[in-house]
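In order, the protein sequences belong to chains A and B. Its first residue numbered 1, the first sequence is counted upward by one per residue in the numbering used here. Its first residue numbered 1, the second sequence is counted upward by one per residue in the numbering used here.
Simulated from the structure, these hints should not be mistaken for lab results. Since the model is a prediction, treat every value here as computed from it, not as a measurement. The beta-carbon is built from N, C-alpha and C at its ideal position, and this holds for glycine as well. Hints may be right or wrong, so weigh each one.
[What the hints assert, rightly or not] If you want the footprint, here are the derived chain B segments under chain A, 3+ residues with CB under 8 Å: (1) 31-42; (2) 180-186; (3) 224-237; (4) 303-313; (5) 334-345.
[Claimed, not checked] Taking lysine-lysine pairs in the DSBU-like style, the calculated list, with each CA pair at most 35 Å apart, reads: (6) K69/A x K69/B; (7) K103/B x K143/B; (8) K10/A x K160/B.
The primary structure of each chain is shown beneath.
Protein chains: 2
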Amino acid sequence: MAEPNFPVLKPGATIGILGGGQLGRMLALAAARLGLHSHVYCPDAESPAFDVVRRITQADYGDKAALEKFAASVDVITYEFENVPADTAAFLSARKPVLPNPKVLATTQDRLVEKQFINALGIATAPFAEVNTADDLAKAAEKLGRPSILKTRRFGYDGKGQTKISADTDPAAALREVGGEPSILEGFVPFEREISVIAARGHDGRIVCFDVTENEHGDHILRVSKVPAAVTLQVTAEAIRIAGKIATALDYVGVLAVELFVVRDGAGHRVLVNEIAPRVHNSGHWTLDGATVSQFEQHIRAIAGWALAEPVRHGSRIEMFNLIGAEIEDFARWLTVPGATVHLYGKAGWRHGRKMGHVTRVFD
Amino acid sequence: MAEPNFPVLKPGATIGILGGGQLGRMLALAAARLGLHSHVYCPDAESPAFDVVRRITQADYGDKAALEKFAASVDVITYEFENVPADTAAFLSARKPVLPNPKVLATTQDRLVEKQFINALGIATAPFAEVNTADDLAKAAEKLGRPSILKTRRFGYDGKGQTKISADTDPAAALREVGGEPSILEGFVPFEREISVIAARGHDGRIVCFDVTENEHGDHILRVSKVPAAVTLQVTAEAIRIAGKIATALDYVGVLAVELFVVRDGAGHRVLVNEIAPRVHNSGHWTLDGATVSQFEQHIRAIAGWALAEPVRHGSRIEMFNLIGAEIEDFARWLTVPGATVHLYGKAGWRHGRKMGHVTRVFD
Numbered sequence: 001m002a003e004p005n006f007p008v009l010k011p012g013a014t015i016g017i018l019g020g021g022q023l024g025r026m027l028a029l030a031a032a033r034l035g036l037h038s039h040v041y042c043p044d045a046e047s048p049a050f051d052v053v054r055r056i057t058q059a060d061y062g063d064k065a066a067l068e069k070f071a072a073s074v075d076v077i078t079y080e081f082e083n084v085p086a087d088t089a090a091f092l093s094a095r096k097p098v099l100p101n102p103k104v105l106a107t108t109q110d111r112l113v114e115k116q117f118i119n120a121l122g123i124a125t126a127p128f129a130e131v132n133t134a135d136d137l138a139k140a141a142e143k144l145g146r147p148s149i150l151k152t153r154r155f156g157y158d159g160k161g162q163t164k165i166s167a168d169t170d171p172a173a174a175l176r177e178v179g180g181e182p183s184i185l186e187g188f189v190p191f192e193r194e195i196s197v198i199a200a201r202g203h204d205g206r207i208v209c210f211d212v213t214e215n216e217h218g219d220h221i222l223r224v225s226k227v228p229a230a231v232t233l234q235v236t237a238e239a240i241r242i243a244g245k246i247a248t249a250l251d252y253v254g255v256l257a258v259e260l261f262v263v264r265d266g267a268g269h270r271v272l273v274n275e276i277a278p279r280v281h282n283s284g285h286w287t288l289d290g291a292t293v294s295q296f297e298q299h300i301r302a303i304a305g306w307a308l309a310e311p312v313r314h315g316s317r318i319e320m321f322n323l324i325g326a327e328i329e330d331f332a333r334w335l336t337v338p339g340a341t342v343h344l345y346g347k348a349g350w351r352h353g354r355k356m357g358h359v360t361r362v363f364d
Numbered sequence: 001m002a003e004p005n006f007p008v009l010k011p012g013a014t015i016g017i018l019g020g021g022q023l024g025r026m027l028a029l030a031a032a033r034l035g036l037h038s039h040v041y042c043p044d045a046e047s048p049a050f051d052v053v054r055r056i057t058q059a060d061y062g063d064k065a066a067l068e069k070f071a072a073s074v075d076v077i078t079y080e081f082e083n084v085p086a087d088t089a090a091f092l093s094a095r096k097p098v099l100p101n102p103k104v105l106a107t108t109q110d111r112l113v114e115k116q117f118i119n120a121l122g123i124a125t126a127p128f129a130e131v132n133t134a135d136d137l138a139k140a141a142e143k144l145g146r147p148s149i150l151k152t153r154r155f156g157y158d159g160k161g162q163t164k165i166s167a168d169t170d171p172a173a174a175l176r177e178v179g180g181e182p183s184i185l186e187g188f189v190p191f192e193r194e195i196s197v198i199a200a201r202g203h204d205g206r207i208v209c210f211d212v213t214e215n216e217h218g219d220h221i222l223r224v225s226k227v228p229a230a231v232t233l234q235v236t237a238e239a240i241r242i243a244g245k246i247a248t249a250l251d252y253v254g255v256l257a258v259e260l261f262v263v264r265d266g267a268g269h270r271v272l273v274n275e276i277a278p279r280v281h282n283s284g285h286w287t288l289d290g291a292t293v294s295q296f297e298q299h300i301r302a303i304a305g306w307a308l309a310e311p312v313r314h315g316s317r318i319e320m321f322n323l324i325g326a327e328i329e330d331f332a333r334w335l336t337v338p339g340a341t342v343h344l345y346g347k348a349g350w351r352h353g354r355k356m357g358h359v360t361r362v363f364d
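Extracted from the complex, chain A is given alone in its bound form (with noise of 0.2 Å):
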């Protein structure tokens, strides 16, 4: 059910955006272009979303004199990661409204009670054992087979806080690989495709989502995007039903990306819940220059109370690849490029791993 006490805002009020990355940027400018202000914290002074407001914050998540400050100055509060920390969310969420609200993050910032949330929604996900201790995982592996992954439950993103178990791999050294943290174990699961569906969960509980993605990675970092997805209808049915299941089921305002894996299973297919991104989220970046609206504007239409869009897809076929490290060096070859359109982030250097900018292609 869908909170009735969440303000509807009016052209010239002010959005707050916890963390300071290239989401937090897009989201000031979509929220820029529908007459909203945007106030950004975040502890890092080379935020790029810092370049695109009037107002911003550069203090610690922990900071209370600075989010009390932060939270005098806005009308709503939102989000761009999914690690704020639980006293920051609360802190704020006494002061102003936070949306999504704080209660989504204790459910996806943990691996372990994201999946069993999930589970017990009736939806499929990796099988996934949790793992404290050497032993844990020794039992763990036996149970869901080699190769198999060991993620820290917490704080992982990219392929961080993730080791693979091997056949001949030493489960103690494999939990000091990954800090010794509280962890999970998921077992492989051999998927023909990733899938992302990216959704927006209105005021009113109504669920709008965009054009089923198919995501490919290398490097556990999302490379290329491909709309639509070469899935059939009952692969894209399913996705839309399990994105607005839980969508409905975390009580959600705003967008939130569920990925999801495809798996062969007889003469069809099977799909299972990878993980729950309570954001806008990089498969989701072709909604830009793709459709008729983006995912960032939804966003901010969800938050403020607004009328959610119906997306209409440009174009038969799109693609949207990311510039990472040093492929940044490439943006002024992608300019000349028809049909393409590049976005740079104004990170000051770029460093291997780094997300600087991506270019989405939309095909006729």
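Based on the hints, put chain B in the right spot on chain A.
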């Protein structure tokens, strides 16, 4: 010939923008998407463009100390309006590249000089005559007929600084009405429709035009732009040829708009230039949502020394209309219309005739 000495900017460079209205705002948003910073200079504390950049200067255009600092902080300077004072432009161009070249302003700031420049290129305009006195006006009205339109040579926009000369208009009173300024009388043009060409010209002299746009005005303010314009292929080709000829003759770098009248001429049509706007233009706003590259990005690419894009239009038909004055209050309704995109400029309050935002509709 394009000037070879303009710098080619690197991502992270800073663009200085003179003028802080919605055009400056949308230029800054386009620059941000390309990883470029913007520094907006405007005397008005409430400038919409201030809201989307990190560096602003609120100072008069004659403030040499402020201009000095501004120039020192940027890599290239551009402007969102044609009435940049000549002294300001000269002061800045002694310090940093100003694009388009300030010489362009000398031509386009004066209706008489502009029309003489256009005619000298062999391109037709409405008939006109110089008017400095009531006697000049009486003679000009006799020659060009009534009704005709008296316009100040300088600083007119959106119908300001102009008055209609009807059969019973007293020349002295009419001249007083436009402030007794040096003026021109323009003969009435029985046009079938008004169109515009948004053209970009790069450092290298390459010219790329957007689809010819058809425009409807009300109270001298643009209300609606439609693409494609309902004109013949001959008219399209002639309009594009004219825009290119003007851009080349001005040795222009950036985006310029050429407004034209389409007049029936026997079985065919003639095209007359109405005016040149040496900047991005309201009739090009549809490119934000209706093409793979916007006029704003195209301008930024040009002044950055980057490759111009080859725009590809979305949909079969596009309509852009302004939200003027109280029409802003309709914004929430437009948010619900499928395929409509809403842009609000973040202006503090609406007043009669003020451009508050626009809506683009892309039709399949």
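Cut-off 8 Å, C-beta pairs, minimum 3 residues; does the coverage of the stretch 224-237 of chain B by chain A stand?
violated (count 0)
Taking 35 Å as the top limit, are the C-alpha atoms of K103/B and K143/B close enough?
Status holds; Cα separation ~32 Å.
Taking only the CA atoms, is the gap from K69/A to K69/B under or equal to 35 Å?
holds (31 Å)
Count residues of the stretch 31-42 of chain B with a Cβ under 8 Å from any Cβ of chain A, then say if the count reaches three.
Since three or more residues must qualify, the claim that chain A covers the stretch 31-42 of chain B holds, with 6 doing so at under 8 Å.
Given as covered by chain A, does the stretch 334-345 of chain B meet the bar of three residues or more with CB within less than 8 Å?
holds (count 10)
Mind checking, does the stretch 180-186 of chain B have 3 or more residues with a CB under 8 Å from chain A?
It is violated, with 0 qualifying residues against the three required.
Against chain A, does the stretch 303-313 of chain B show at least 3 residues with beta-carbon separation below 8 Å?
Since three or more residues must qualify, the claim that chain A covers the stretch 303-313 of chain B holds, with 5 doing so at under 8 Å.
Measure nothing beyond the straight line between the CA atoms of K10/A and K160/B; if it is 35 Å or shorter, mark the hint as holding.
At roughly 31 Å apart (the allowed maximum being 35 Å), K160/B and K10/A satisfy the hint.
Hints 2 and 3 from the list above are not met by this structure, while the remaining hints are.
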